[in-house]
Structures are given as structure tokens and as C-alpha cells.
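Both chains are given apart, each in its own frame, so use the hints to dock them into the complex.
Take a look at the letters that make up each chain.
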Amino acid sequence: MKPIDHLQTMALTYQEICQGEQPWVPLGNFMNDWFDYKKEQRSELVATPLSLPETLSDEMFRWAVFCAASVEYLCERYGVPCPSWVHNPTYHLPVPWFDSPMAHKPQVRKCLIQQTPEPFTKRNIYCGNRMFANKYELAEQHRRRATT
Amino acid sequence: MHAQDIEMYLADLGQELRNQGIRQPVRILMIGGAFMLTQIHNRPTTNDVDVLLKDIEHATTSSLYQTFRAAARVVSNRNHLPNSWINDVIGDFLRDTGAVPEGILWRRYAALEVYVPPSEYILALKLLAGRQKDQRDIQALCQLLHIRTRQQAHQLIDRYIPNRQVQQTNALDEKLDNLFP
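Heads up: the sequence lines are chains V and E, in that order.
Residues are numbered in this note's numbering as their position in the first sequence, beginning at 1, plus a constant of 765.
Residues are numbered in this note's numbering as their position in the second sequence, beginning at 1, plus a constant of 743.
Chain E on its own, in the form it takes in the complex (with noise of 0.2 Å):
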């Protein structure tokens, strides 16, 4: 999807949770691809959308969870899109990995708000997982926050990720030597 494919369906989920009966506002944070094309803007498109939904902890009792799992099946039975469209498989992992930022306000749809975590959120987590994939979302990002040295990008990996048995868990070291001389 495109950057105003983005902003439709989550302008649609937002009418959709205030259909469904919800006053305060759903918040998420918007991460991975969908974070890269409408903040950074180095890609065209992307396949989901990645959320941290910040005010849900538990989304197996969360009856607000349910609501919002609703709300999204209908936004994608209307738009012919998959289920995970709308995609927070990676939100227990994010919130016990590290810090999760508050973020800034991005946008806001009727019963929805969205955040935007600071671009060195999205860098750290990116170096945690070392992928071939995310190889130019890492480059575009180092650019933008001037990292150049392995150094300052395992201080900022430490900012939001501090705990040293997640770092070696996930192979950081051998991650950062494949990156940076």
C-alpha cells in the first residue's frame, strides 16, 4: 500500500472503532514499513502496517483488543484486504525487549490515534534484527541521524534497549560487525 492507502484505512479503522461504540480514542504507535514510507519517505510502498497498540498490555483479556481486532476485520472485508493488514504481532516482544517510546501524535481518525515513535526507535530495533530486508531502511536512517560508526549505533541501540541478555540473545555484536567497519 501507498501512503494514502495507509491514511484511508486508518481513517476508516478510526469511524469504524467510533461505529463500534468507542469514545476515548484507540492510540497505536506506528512502526516498521509503515513508519519508513510516511515518515521518511525512502520507499514507495508497503505490505501492512506494524502497530504497538500503547494502551492494551494484555490482548488476550483486553476486551478493547477485541473491539479493535473487529473493527480492523471489517476495514479489510470492506477493502478486500488481508486480516493483518493492520499488523501487532510484534507488540509483546517490542514492550519486553526495551523501552517503548511515547511517541508524538501523527494523525487522528475519529475514535484513533496515531503515534510516531523517534526515528532512532525504529533504527535500534532495525539493527537488533539484522536483516538482509531492512539493509536500506538502516542505511536511509544512519543517514538521517548521522551514525556512522558501530559505536554510536550500539549507544543508540543501548537508549532503547539496555538490557545486555536481549543484545546477546539476538546476536547484536555480529550483527553490528556486518554493518560497520
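Next up, chain V with everything else stripped away, as it sits in the complex (with noise of 0.2 Å):
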């Protein structure tokens, strides 16, 4: 486990990916931090813009382009003050990207259009509404339902 005072900032987390990392993995810690462990440091984990490498593959360049919607879309939802690096128009894809196993059958791909964010449909991501779907919101939910 990492160390108490260690941040998963977003920028760590793409150079992360880009070590070869299972990209859930680190963005997975930097959900636990966003959520949970450094909730209260929410600037500092999304100020640093990211560093793409020289040679920067599809892939590589489309979870680029993930984080950065990540973020936006992260900092309106949570009022975070939006750092402006995610603004930069290279952050866009080329072609739609839609994450999902089953992206080919027509009616999965018709509710990522419907359900994903505007951060991300903005920039050519289609994946749905559920990326940062987490325990800590969901035992809050659940909490609130159960009390009404």
C-alpha cells in the first residue's frame, strides 16, 4: 500500500498507464484519493497537467484524453476549480471511442451516447455514466434511502 502522505495526483496516474500499469489500477487509487483518503486536497490531485511521451501510441493517447475529460468532469460535478491544461484542444480523439465489451451491439452503443457526460462526448469518449461510480457514494445513497 502506498504511503499515507503520498497523492495519486491524475498526472501521476496517466505516467502510470503509460509504465504499462492496467489503467484501472492507478485510476482506481486516484479514486480512492478523490473519494476517500485525500478528499480535501482535491485541487492539488488534479493541478498538475499530464506529461505525454515522445512517442505517444493510440492507446496511450486515448487514456490521455480519458484523464483529461476525467478531471473535467470530476472538478464540475465536485465544485473543484477546473485546472485549465484539460482545455488544451489536443485532448480530443480523432475517432468516437466506446468503452465497452459489447460496444458493436447497436443498443449499447445508443445509451453510452445517452448516458456519458459532456466532458467526455466532447471529446469523442463514449463510456457511460459509471466510471467513478464508488462505495464510499453508494453507502452514502443507500444511507440517505434508508433514512427516508
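Rather than coming from a laboratory, the hints here were simulated on the basis of the structure.
Careful: at least some of the hints might be erroneous.
Said to hold, decoys possible - From the structure, some residues in chain V lie toward chain E, with a derived Cβ separation under 8 Å:
{"id": "1", "residue": "863"}
{"id": "2", "residue": "864"}
{"id": "3", "residue": "866"}
{"id": "4", "residue": "876"}
{"id": "5", "residue": "900"}
{"id": "6", "residue": "911"}
To be verified - Computed list of lysine to any residue pairs in SDA-like fashion (alpha-carbon distance at most 20 Å, straight line):
{"id": "7", "chain 1": "V", "residue 1": "875", "chain 2": "E", "residue 2": "754"}
{"id": "8", "chain 1": "E", "residue 1": "797", "chain 2": "V", "residue 2": "904"}
{"id": "9", "chain 1": "V", "residue 1": "803", "chain 2": "V", "residue 2": "838"}
{"id": "10", "chain 1": "E", "residue 1": "797", "chain 2": "E", "residue 2": "754"}
{"id": "11", "chain 1": "V", "residue 1": "875", "chain 2": "E", "residue 2": "914"}
{"id": "12", "chain 1": "V", "residue 1": "875", "chain 2": "E", "residue 2": "923"}
{"id": "13", "chain 1": "V", "residue 1": "804", "chain 2": "V", "residue 2": "897"}
{"id": "14", "chain 1": "E", "residue 1": "797", "chain 2": "V", "residue 2": "908"}
{"id": "15", "chain 1": "V", "residue 1": "875", "chain 2": "E", "residue 2": "874"}
{"id": "16", "chain 1": "V", "residue 1": "875", "chain 2": "E", "residue 2": "924"}
What the hints assert, rightly or not - Here are the computed distance ranges between Cβ atoms for each label pair:
{"id": "17", "chain 1": "V", "residue 1": "820", "chain 2": "E", "residue 2": "898", "range": "45 to 53 Å"}
{"id": "18", "chain 1": "E", "residue 1": "908", "chain 2": "V", "residue 2": "805", "range": "34 to 42 Å"}
{"id": "19", "chain 1": "E", "residue 1": "802", "chain 2": "V", "residue 2": "860", "range": "42 to 50 Å"}
We treat Cβ as the ideally placed atom computed from N, Cα and C, and that holds for glycine.
Written out as C-alpha cells, the structure is:
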């Protein structure tokens, strides 16, 4: 486990993806910091721009765009000032990315198009709206439902 | 944390519970990433240990729960871990959502007993959650359990989370559409 003072920034998250980590491992660590361990330091978690490698594969570029979209989405949703680096026009995919194992099914594509938040769709990413679903908010929603 | 870290911190927790005067072992059910890491071995690390406390239904009024959290804090301070290194935030949701299995005893550390549920239960929870971050775990569990079709997946979920309203609220049909042909 990373030490208590470790900050899993989005820049570090992207760096770890480029180093070959499965993307949702560092993204999951980022989520833990954002939603729990470091939720008082959200601005710091997203402040540093991503550092793109010199040779950028299509997949690494796709994840860079995903990280930028995620920062814009999370900042909007949780009232954190959005860092300007995410608005760099570089962060836009030339070809749509439908992120689902069954993305070839027309009804799946339709759902992804309908449900994906704007910070992702405007960058040509269609991933639905559950990418940042997490146990902390689920537990909170459940508590609220149980008490009403 | 790696598998050996999980075992080390759980052993520390068991000893700390004993130090705090607990005689009857506290029983926890280990789920989430720590389950995948120690039982399925499909990933190298996890960030926390998700558990459900088997003998504590109302955390706010339970003195045993307060002792458990106090012992967990001692372990986190001693090892420079976040307080939620052992995380039970999802317990109420699981209890109210369906049938939580008893599980089988995996490890006993002083005043702590660690149980693990069947892999089928973990797959049911991950299918219900339907998150991108779970896709690799879902693949590994489906392979292990020979779940290949949407119907098989739905039957498995019905076994643990039979409440149709819960399934609907969690958009289960749509999530299965995303995962199975």
C-alpha cells in the first residue's frame, strides 16, 4: 500500500498507465484519493498537467484524453476549480471511442451516447456514466434511502 | 498493498483486538480487491481491504464496532496507513441488498477471524456494480466459474441478489447488455 502522505495525482496516474499498469489500477487509486483519503486536497490531485511521452501510441493517447475528460468532469461535479490544461485542444480523439466489451451492439452504443457526460462526449469518448461510481457514494445514497 | 501486506496488517489487527481485551474473535468477511488478490490471484495489489463485519449489524450503537475501529486506527498509525485501510463502508448496502453468504474461515489471527465468500458472490456484486474498473475482475471470475452467457450471469445474480427492485434500481439489464452477447 502507498504511504499515507502519497498523493495519487491524475498526472501520476497517467504516468503509471504509460509505464504499463492496467489503467484502472492507477485510476482506482486516484479514485480512492479523490473520494476518501485525500478529498480535502482535490485541487492538488488534478493541478499538474499530464506529461505525454515522446512516442505516443493510440492507446496511450486515448487514456490521456480520458484523463483530461475525467478531470473536467470531476471538477464540475464536485465544485473544484478546473485546471486550464484540460482545455488544451490536443485532448480530443479523432475517432470515437466506445468503451464497452459489447460496443458493437447498436443498443449498447445508443446507451453510451445517451448516458456519457459532456466532458467525455465532446472529446469523442463514449463510456457511460458509471466510470467513477464508488463505494463511498453508494453507501451514502443507501443510507439516505434507508432513512427516508 | 500486496498479499503478504494484507496478511501482515490483518495479523496486527487481530493482535491489537486481543490487546484491547477482545476474547471472542471478531469475524469479518473479506470482499473486493483483497478477495481477488488473495483468492483469485489475478492482480498484484489492492489499495484497501474491503470487509463486512459478520457480527455487527448496527455500527453506530455497537461497542464492539467502536473497539474494532479503534484497533484498526492503531494498526494504521503503526504502519503509516490511511484509517480506511480496512474498509467496511459498504456493509449496510450489502446486508440490505441480498443474502450475504457465511463464507469459510480463511485465516485466524488472535482475536480476528477472516472469512471469504464463494467467488460466485463476488462476481454477483461486481456484475451488479457494472463499473469499468471491475471488468478485469469480472473476466477472471467468469472464466473461473464458466459463466459465458447473459442468462448464466443473471441466474448467478438471482442467487444472491434476488430482489428485482434492487436489480432494476441498479440498471442490471443494461449492465449485462454491456458485458454479454
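So, going through the hints one by one against the coordinates:
{"no.": "1", "hint": "863", "verdict": "10 Å, violated"}
{"no.": "2", "hint": "864", "verdict": "7 Å, holds"}
{"no.": "3", "hint": "866", "verdict": "6 Å, holds"}
{"no.": "4", "hint": "876", "verdict": "6 Å, holds"}
{"no.": "5", "hint": "900", "verdict": "5 Å, holds"}
{"no.": "6", "hint": "911", "verdict": "7 Å, holds"}
{"no.": "7", "hint": "V:875 <-> E:754", "verdict": "49 Å, violated"}
{"no.": "8", "hint": "E:797 <-> V:904", "verdict": "17 Å, holds"}
{"no.": "9", "hint": "V:803 <-> V:838", "verdict": "18 Å, holds"}
{"no.": "10", "hint": "E:797 <-> E:754", "verdict": "18 Å, holds"}
{"no.": "11", "hint": "V:875 <-> E:914", "verdict": "15 Å, holds"}
{"no.": "12", "hint": "V:875 <-> E:923", "verdict": "16 Å, holds"}
{"no.": "13", "hint": "V:804 <-> V:897", "verdict": "14 Å, holds"}
{"no.": "14", "hint": "E:797 <-> V:908", "verdict": "19 Å, holds"}
{"no.": "15", "hint": "V:875 <-> E:874", "verdict": "18 Å, holds"}
{"no.": "16", "hint": "V:875 <-> E:924", "verdict": "16 Å, holds"}
{"no.": "17", "hint": "V:820 <-> E:898: 45 to 53 Å", "verdict": "47 Å, holds"}
{"no.": "18", "hint": "E:908 <-> V:805: 34 to 42 Å", "verdict": "36 Å, holds"}
{"no.": "19", "hint": "E:802 <-> V:860: 42 to 50 Å", "verdict": "49 Å, holds"}
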